[in-house]
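**Student:** So you can see what is in the structure, the chains are spelled out below.
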Amino acid sequence: VSGASTGPEVRIDRDRCIGSGNCAYWLPAVFALDDEDIAHVVDAGAAPPDRIVEIGRQCPASAIWVSSPPV
Amino acid sequence: MASTVTDFDDQVAQFMADEHARHDPAAFWRALRETGPAYHSRALDAWFLSGYDECHQFLQNATARVSYSPLSRAACEVGQVIGSFRQELYETLLFMMDPPMHTATRAIARRTFSGPTAEHWRDEIRGHVQRCLAGTTPGEEFDFVAEVSRQLPAMLMCQLLGLSFDDAPRLQTYVPGYMGIIGDPTPEQEAEGLRVVEEFSDYLSEVIAQRPARVGPGDLLDELVEAERAGKLTRRSIASFVMMIILGGYDTLAGQLSNGVWAFTQHPEQWQLLVEDPDRAALAVEESIRYESSIQLLPSKTVLEDLDINGTVLPAGATVWLSLAAANRDPRQFRDPEAFEILRSDNRHMGFGFGPHFCMGAAFARVEMEECFRELARSGSRLLPGASPIAWERGLITWAPTKLPVVLEPGRA
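In order, the protein sequences belong to chains P and S. Here the working numbering is used: the first residue of the first sequence is 1, the next is one more, and so on. Here the working numbering is used: the first residue of the second sequence is 72, the next is one more, and so on.
No lab work stands behind these hints, which were simulated from the structure alone. Do not take every clue at face value.
Listed next, the in silico SDA-like pairs over lysine to any residue satisfying Cα-Cα at most 25 angstroms (straight line) [what the hints assert, rightly or not]:
hint, chain 1, residue 1, chain 2, residue 2
1, S, K303, S, D169
2, S, K303, P, D15
3, S, K303, P, D34
4, S, K474, S, A205
A short list of chain S residues far from chain P (calculated; beta carbon distances all over 10 angstroms) [stated by the list, open to error]:
hint, residue
5, E105
6, H191
7, G248
8, D417
9, E480
All C-beta atoms, glycine included, are put in the ideal place defined by N, C-alpha and C.
Please build the complete structure, drawing on both the sequences and the hints.
**Tutor:** Below, the structure written as structure tokens:
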């Protein structure tokens, strides 16, 4: 699932996601949990790219993939 | 030089065996980290990871080559036989499970412990905090552990299970029996454990039969009963599952609340920062977990195949301990790691663990701690250490006060 906005491309690997909610806790404008409590991208443009990369690295299950490193 | 190494190895063995050796864990973890990010104890024939990167790698990337189950360790030790009952129990406790079973079992409780569910309970949780604080008198010393830290998780557990708050002490009575069978039980402990498991499972059956339908979204018992209907759990494993939540969520959360408040009593300038803006509570929660994790050491894991961690090879069969407390103060990861600074940015602490076993209750712990810190700060009081002495639980795994006298002094902080 990729974000619609102008930010970097952000994908969630649904098979890896454990629903920890870390991403949605720190960046609620970018990430949310769906009905199955699996993360999805709401708006990849809603936070600075480097912040998304940083939060992506904090995913305990390595389920967040961000297209390009911040410039 | 060689004698220094041996001396330190004695110190490690002593720290692991004797709570009296654990008077200053932070100093011990620092010394351990200074031996290098991976330390092999000859006396214990066990490895210790104390570096942030190394713990991170081990927990996140090495899952296929590491086992969390005591059954794997037993398999490495020729001649050790584990009874079928214990085997069954080990196969229900998430923190002792490996994929793919771990993944499937954990998914059962995902909704119950998700961020949105925790958010849903936030107002209730704030109510619990207010109720506890209402029982204290401004300007008078009280034991934060007894009045607040141990109350809040109990209230939360009862609420998630749909029990009356009066049942909280009863839940606690089953804990020692279960604890006795985890690890290396004597035959007596094993028999007693079996009795307690049966008793607890009967008690829960009664609760399930009597309670009204769904208590709320993410109602834990409903999720578990549903899993039972789907053939994923038995009644006995429902009991183990609930007990696992109690084991994993009660002392850890109580301890973390106390450790956080203790840190504030030691750093009044940090308390002042929180009083100035109680919405800093979320940051304060993360920093208090980093600074003094209630879980200092993760229960040991077994390496299944040779594993290279940053250039150190942990051999197949090795027992590995990970010090989250050491990793959380690793100067390669955190600037000025020994300082308690609630406004710290990029606080990627490892207090909730990492990888597929990342703390399942993290969202609840965050909401509970946040509400507690915020409500305390909103009073605008100064948070002072009391005159009576603090007492500590010097556990191998957990480190937290068992008695924490504090005073909320009214007036400007």
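**Student:** None of the hints should be skipped; say for each whether it holds.
**Tutor:** Right, here's what the structure says about each hint:
1. Pair hint K303(S) plus D169(S) holds up; C-alpha atoms about 16 angstroms apart against a cutoff of 25 angstroms.
2. For the suggested pair K303(S) and D15(P), the alpha carbons sit about 19 angstroms apart, so the restraint of at most 25 angstroms is met.
3. For the suggested pair K303(S) and D34(P), the alpha carbons sit about 23 angstroms apart, so the restraint of at most 25 angstroms is met.
4. This hinted pair checks out: K474(S) and A205(S) have alpha carbons roughly 19 angstroms apart, not beyond 25 angstroms.
5. The non-interface label for E105(S) is consistent with chain P: the shortest C-beta to C-beta separation is roughly 26 angstroms, beyond 10 angstroms.
6. No beta-carbon of chain P is positioned within 10 angstroms of the beta-carbon of H191(S); the least distance is around 12 angstroms.
7. With a least beta-carbon separation of about 30 angstroms from chain P, G248(S) lies farther than 10 angstroms from that chain, consistent with its non-interface assignment.
8. Not every beta carbon of chain P lies more than 10 angstroms from that of D417(S), the smallest distance being close to 6 angstroms; the non-interface claim is violated.
9. At roughly 33 angstroms from the closest C-beta of chain P, the C-beta of E480(S) stays outside 10 angstroms, upholding its exclusion from the interface.
When each numbered hint is compared with the structure, a violation occurs for hint 8 only.
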